[in-house]
Each structure stands twice: as structure tokens, then as C-alpha cells.
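There are 2 protein chains.
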Amino acid sequence: MSVTLDDVRAAAARLEGVVHETPVLTSSYYDDRLGMRCFFKCENLQKVGAFKFRGASNAVLQLSEEDAANGVVTHSSGNHAQALALAAEQRGIPAWIVMPTDAPSVKRAAVKGYGATVVPCAPTLASREATAERVMHETGATFIHPYDDDRIIAGAGTAALELMETVIGLDAVITPVGGGGLLSGTCIAVHGLDPEVMVLAAEPELADDAARSLEAGELIPAGPTTTIADGLKTSLSARTFAILQQHVHEIVTVTEDAIREHMRTVWERMKIIIEPSCATVLAALEKRRSAYAGSSVGVIISGGNVDLDNLPW
Amino acid sequence: MSVTLDDVRAAAARLEGVVHETPVLTSSYYDDRLGMRCFFKCENLQKVGAFKFRGASNAVLQLSEEDAANGVVTHSSGNHAQALALAAEQRGIPAWIVMPTDAPSVKRAAVKGYGATVVPCAPTLASREATAERVMHETGATFIHPYDDDRIIAGAGTAALELMETVIGLDAVITPVGGGGLLSGTCIAVHGLDPEVMVLAAEPELADDAARSLEAGELIPAGPTTTIADGLKTSLSARTFAILQQHVHEIVTVTEDAIREHMRTVWERMKIIIEPSCATVLAALEKRRSAYAGSSVGVIISGGNVDLDNLPW
Chain F
1 MSVTLDDVRA AAARLEGVVH ETPVLTSSYY DDRLGMRCFF KCENLQKVGA
51 FKFRGASNAV LQLSEEDAAN GVVTHSSGNH AQALALAAEQ RGIPAWIVMP
101 TDAPSVKRAA VKGYGATVVP CAPTLASREA TAERVMHETG ATFIHPYDDD
151 RIIAGAGTAA LELMETVIGL DAVITPVGGG GLLSGTCIAV HGLDPEVMVL
201 AAEPELADDA ARSLEAGELI PAGPTTTIAD GLKTSLSART FAILQQHVHE
251 IVTVTEDAIR EHMRTVWERM KIIIEPSCAT VLAALEKRRS AYAGSSVGVI
301 ISGGNVDLDN LPW
Chain D
1 MSVTLDDVRA AAARLEGVVH ETPVLTSSYY DDRLGMRCFF KCENLQKVGA
51 FKFRGASNAV LQLSEEDAAN GVVTHSSGNH AQALALAAEQ RGIPAWIVMP
101 TDAPSVKRAA VKGYGATVVP CAPTLASREA TAERVMHETG ATFIHPYDDD
151 RIIAGAGTAA LELMETVIGL DAVITPVGGG GLLSGTCIAV HGLDPEVMVL
201 AAEPELADDA ARSLEAGELI PAGPTTTIAD GLKTSLSART FAILQQHVHE
251 IVTVTEDAIR EHMRTVWERM KIIIEPSCAT VLAALEKRRS AYAGSSVGVI
301 ISGGNVDLDN LPW
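Chains F and D, in that order, give the protein sequences.
Quick note: the first sequence uses the working numbering, first residue 1, plus one each step.
Quick note: the second sequence uses the working numbering, first residue 1, plus one each step.
Some hints could be false.
One copy or any two copies: either way a pair holds, since identical chains are not told apart in the list.
[Claimed, not checked] Below, computed lysine-lysine pairings styled on DSSO-like, alpha-carbon distance capped at 30 Å:
hint : residue 1 : residue 2
1    : Lys233    : Lys112
2    : Lys112    : Lys287
3    : Lys233    : Lys287
4    : Lys287    : Lys107
5    : Lys107    : Lys233
Keep in mind the hints are simulated off the structure, nothing from the lab.
Computed from a prediction, not measured in an experiment: that's the story for all the values here.
Given these sequences and hints, build the entire structure.
Structure below.
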């Protein structure tokens with residue numbers, strides 16, 4: 001049973017008044033530079049600074065009263081951790097966030113700031129999963145995966161839904177791709193509304209597992225990577241891979257230098273803070289400038305969580 | 001003949017499609033911290049990254065064909081320089097920007113990027129004024145002052161006009177004050193629409209000439225200052241002082257530490273880039289937390305032009 005446009009619409013109704021309806025910005029600088037007309041859907045201005053709050057809220061709000069009372073658990077040191085913590089706080093239920101002991105203290109503090117309990121684990125996937133299992137067993141909390149979950153995907157798709165309803169006549173919509181939750185939700189929303197609109201994705205060359213998976217026709221897991229786009233290190237799941245295979249027109253891979261340059265340029269020219277993962281989409285559009293020349297492109301700006309004391313320039 | 005609400009409305013009509021209608025953001029973090037409901041009118045997301053583009057465009061668009069053909073001139077190393085350069089470029093007329101030889105090269109480059117001619121001068125007010133005079137004499141260009149001009153004030157007021165039309169039921173509106181152009185335009189717009197809404201202003205303690213002028217009942221010029229709020233170093237003019245005397249409820253002065261802290265906090269929590277001048281308004285609201293507790297406050301975020309290689313933390 002796959003996610004449909006109706007699920008995305010239901011999520012949008014559920015999230016009304018819960019999430020920010022984020023603004024859509026334009027930039028003559030980028031329009032000139034890319035030779036396209038770009039519409040930036042600013043999920044960096046979403047609560048917790050990332051689109052992740054949409055999916056997390058959509059999942060938490062669908063729990064039965066009984067399940068909700070036992071709380072939620074996830075393992076993440078990224079934006080999903082904060083998103084789930086805030087979604088749980090807003091429903092008034094407990095949240096346990098399993099985080100590796102080497103996670104930055106600022107991230108632990110943010111999660112605690114939303115009232116969640118941080119559960120430390122060793123910095124390995126095995127330890128993360130085992131620790132989350134233990135929390136589920138001990139507390140009865142429901143595990144909420146960062147992207148391999150229909151409710152998360154439908155929630156993530158509401159950003160593209162809002163964008164498509166705000167800007168009429170888009171030729172394409174582009175998002176970054178890590179685990180594929182945002183991209184999957186975008187596919188469902190965009191093609192549910194208009195199958196003619198191309199769905200594009202951007203990925204670092206150093207973490208190009210999604211591009212390689214689509215090319216190979218089989219899911220290739222992500223290996224270790226040093227990309228600065230820390231939100232895009234995760235592997236697709238079978239669920240997201242199946243949706244991407246059906247809907248994605250092209251995944252464009254981009255260099256670290258291009259990510260860094262566009263991140264800084266967006267800060268300088270658009271006055272919004274974007275994290276490295278977001279900058280991939282602009283690098284991708286520039287790389288494929290001639291292919292999409294003259295197009296109207298919806299650009300999902302996925303998040304703005306960065307450490308201001310460690311900027312990549 | 002003073003600026004009226006009709007002038008602001010005429011400016012808004014003139015600027016439609018020329019300026020960005022900037023978004024109004026909210027932040028639960030700041031609402032909680034300040035104990036108010038804040039509505040951030042994001043002029044940092046305006047073209048050239050500052051509200052200044054509204055006034056500059058409003059002035060340039062009102063020039064007769066004959067005057068326009070001779071171009072415009074100003075002396076500024078701040079946001080007005082870029083704003084006037086872009087406004088002139090958009091009308092297709094020449095612009096000369098007098099800038100001191102010690103102005104940062106990035107600012108010169110920005111002005112040149114909009115097609116204006118940078119005219120160097122010695123770093124003194126006398127040299128700036130004499131150089132601008134010479135350019136006017138040689139070219140016939142019209143001098144456009146950064147704030148001592150009714151067209152600039154009316155244009156600046158359109159930000160508050162949009163805000164008041166978007167958010168119903170504000171108790172107060174706050175802006176920073178330097179030369180008083182933004183604050184004057186805000187006074188006219190806000191009190192033209194609703195005389196009951198309080199107009200507040202924020203100023204660095206290190207550049208508190210506007211606060212002292214209001215208190216003394218006479219215009220006290222700004223002295224030299226080391227405030228990091230570089231947009232707020234200028235003195236009021238007789239024109240802006242008269243408007244402030246009539247309309248401003250309170251000018252709150254704030255410390256450099258508070259400016260620095262709020263600047264960084266807005267970057268971290270709201271994911272938008274604001275310059276130090278903007279941060280004064282949040283520091284002011286926090287200082288006067290108890291006086292305005294429970295209020296709905298419109299906050300004009302005036303600009304976002306900062307040097308990313310020289311951040312104040």
C-alpha cells in the first residue's frame with residue numbers, strides 16, 4: 001500500500017496550523033545565473049529549521065491515544081531528531097532520541113530543549129538500532145523512522161503540495177536526496193497534481209548511492225563518505241527506492257566545491273541560511289543549465305541547521 | 001509639505017512588481033523569550049538585501065524623463081548605495097555612487113555589479129559632499145539623499161504598510177533608527193492606518209543621538225561611534241526629527257553585547273541573515289519585556305548585508 005496524493009492532502013489538512021506555511025522566494029541573481037526562473041520553497045524557515053518537522057508531526061498526530069501515551073523513539077543525530085522531539089512535545093507525549101555519544105553537544109542540547117530524552121549509544125548503526133530496540137521494549141514507545149515510513153513521506157510531500165498550489169506552471173521540481181523521504185513525498189505530490197512536471201534530484205558525488213541505484217536498477221547502499229552535505233549520507237530504503245524508480249526524471253551529482261560555493265552564495269545573495277545539503281540543488285541546476293534553460297523550477301530548500309562556529313569557508 | 005499616508009500608498013502602487021512583497025515570519029522561540037507575539041517583516045529578503053530599495057526605487061521612478069536621462073548620484077557606502085544603483089539600472093539610467101577610498105572592496109564591487117559608476121573620495125563627510133556636488137555639476141545628475149527626502153521616506157513606509165495590511169491587530173511596530181528614514185516612513189504608514197498603534201525604535205547605546213534628540217527636544221547630531229550596527233551611525237535630519245517627535249512612543253537604547261547576541265540568535269533560530277542594525281530591535285524588545293508583555297508587535301527586519309568573512313562572534 002503505497003503513498004498517494006490523497007495521503008499528502010490528508011497530511012496537509014492535519015498539519016494546518018501545526019507547521020509554518022513557508023514562503024516561496026525568488027532571486028533575480030539566481031534566475032540570471034542559471035537561465036531559469038526559480039521558486040525557492042523555504043523549508044529552512046520551517047519549525048526546527050527543516051522540512052523534517054512536517055513528516056514527524058504527520059506521524060505523531062496519527063498515533064492512537066493509547067500508542068501516543070507510550071511516546072515515540074527514533075535514532076538520529078540530524079534534523080529528524082529535533083523534528084520528532086518537537087512534534088512529541090506539541091502532542092504532549094514523551095520522546096526518546098537515541099544519539100551517538102560523539103554527536104555534537106549543540107544537537108543534544110537542541111533535542112533536550114524540546115523536552116525529549118537523549119539516550120546515548122555507541123557511534124555505530126548496530127548500537128543505534130539495538131539501543132532504540134531496547135527503548136521500545138522498555139517503554140512501549142513507537143519507533144518513527146526518519147524516512148522509511150509512509151506517514152513521514154506523506155508529510156514531507158506537503159512542502160511540494162504547497163509550492164505547486166502557490167506557483168502555477170512549474171516545469172520541474174528539484175530536491176536533494178539522502179534517504180529519499182523528501183524526494184519520495186515530492187514525487188507523489190507533484191505527479192499526483194501534474195504528471196508532466198519533471199521531478200529532479202541532487203546528490204553529492206561523494207554520496208551518489210541514489211544516482212547509482214537508479215542507474216543500476218537495484219538499491220545500492222551508501223558507503224562511508226566525507227561529504228559536507230551531512231543530511232545526505234543515508235541510504236535509500238526499498239520503499240523510497242521504488243517510488244524514485246517510478247517518478248524521478250534525473251539525479252544530478254555535484255562536487256563538494258560546488259556545494260560550498262552555492263551555500264555561501266545563497267547566504268550572501270538571498271540572506272537565508274541553508275545547510276550544505278540544500279546547496280546541492282543549485283549546484284545541480286547549474287551543472288544542467290543547458291538542459292533546463294528557460295524552465296520554471298520549484299526548488300525545495302530543505303533545511304538551515306548549521307554550526308555557525310564551523311562554516312565551510 | 002510633509003509625507004502623508006497617501007504618499008505611502010502611492011509609493012506602494014508605484015513599487016508593485018518592482019520590489020519584493022517580503023514575507024512576514026513568526027518564531028515561537030522569540031515569542032516565548034520576549035513574552036510577546038512578534039511578526040517579522042523581512043526586508044533583509046528585499047532586493048539588494050535591505051528596505052532601502054523601496055525608497056530608492058520610489059525616488060528614481062518619480063524623476064521626469066528629462067531628469068532621469070541625466071542619472072542620479074549619491075554618497076553612501078551602505079545599503080542605499082546598492083539600492084540606488086539597482087533602481088537606476090532598472091530604469092535604465094546612469095548612477096554615480098560617491099564612496100570613500102577606504103570602503104570595503106566588496107561594497108564597491110556590489111555597486112559596480114548593478115552597473116553604477118563608483119566615484120572615489122576621501123573618507124570625510126566634506127569630501128563626500130564636495131565630490132557629489134562635482135558629479136552633479138558635471139553630469140546634471142539628480143542627488144538622492146539616503147533618508148532626508150520625502151520620496152525615500154514614503155518608499156520606506158511601504159514595508160510597514162504591507163505589514164499592517166497582512167497582520168491585523170498589532171499593538172506596536174518597531175524599527176531601528178539611524179538617519180530616521182525607515183522610522184519616519186513607518187510612523188506615517190502606521191499612524192495613517194491606526195493612530196492607536198505604538199511606534200517604537202531601537203538604537204545602539206553607542207549611537208544614541210536619536211534617543212537624546214527626542215529627550216532634549218532638539219536635534220543632536222551623531223558623533224563618532226564604534227558600534228557594530230554600521231547602518232545606524234548617521235544623524236537625524238530636521239525632516240526626520242520632526243516626524244519622530246510627533247509620532248514615536250519610545251526609543252530604546254541597547255548594548256553591543258545584546259546586539260551581537262540577538263544577531264546570532266536570529267541566524268540560529270530563524271535561519272535568516274540579519275545585519276547588526278536589525279538585531280537592535282530584538283534587544284530593545286527584550287530590554288522592555290515587561291512594558292510590552294502580551295503585545296502583538298510588528299518587527300521591521302531592515303537588512304541582511306554582512307561580510308561573511310568578518311562575523312562578530
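Item to complete: Please work out whether the CA atoms of Lys287 and Lys107 approach to 30 Å or closer within one copy, between two copies, in both situations, or in neither?
Response: between (33 Å within a copy, 29 Å between copies)
Discussion item. One pair to classify: Lys107 and Lys233, alpha carbons no more than 30 Å apart. Within, between, both, or neither?
Written reply: Within. Shortest intra-copy distance 17 Å satisfies the 30 Å Cα cut-off; inter-copy 38 Å does not.
Practice prompt. If the cutoff is 30 Å on CA atoms, where do Lys233 and Lys112 land: within, between, both or neither? Let me know, please.
Written response: within (24 Å within a copy, 40 Å between copies)
Fill in: Intra- versus inter-copy proximity for Lys287 and Lys112 (alpha-carbon distance at most 30 Å)
Intra 40 Å, inter 27 Å, cutoff 30 Å: inter-copy only.
Practice prompt. Give the relationship of Lys233 and Lys287 under a CA distance limit of 30 Å: within one copy only, between copies only, both, or neither.
Written response: within (21 Å within a copy, 43 Å between copies)
Checked against the numbered hints above, the structure violates none of them.
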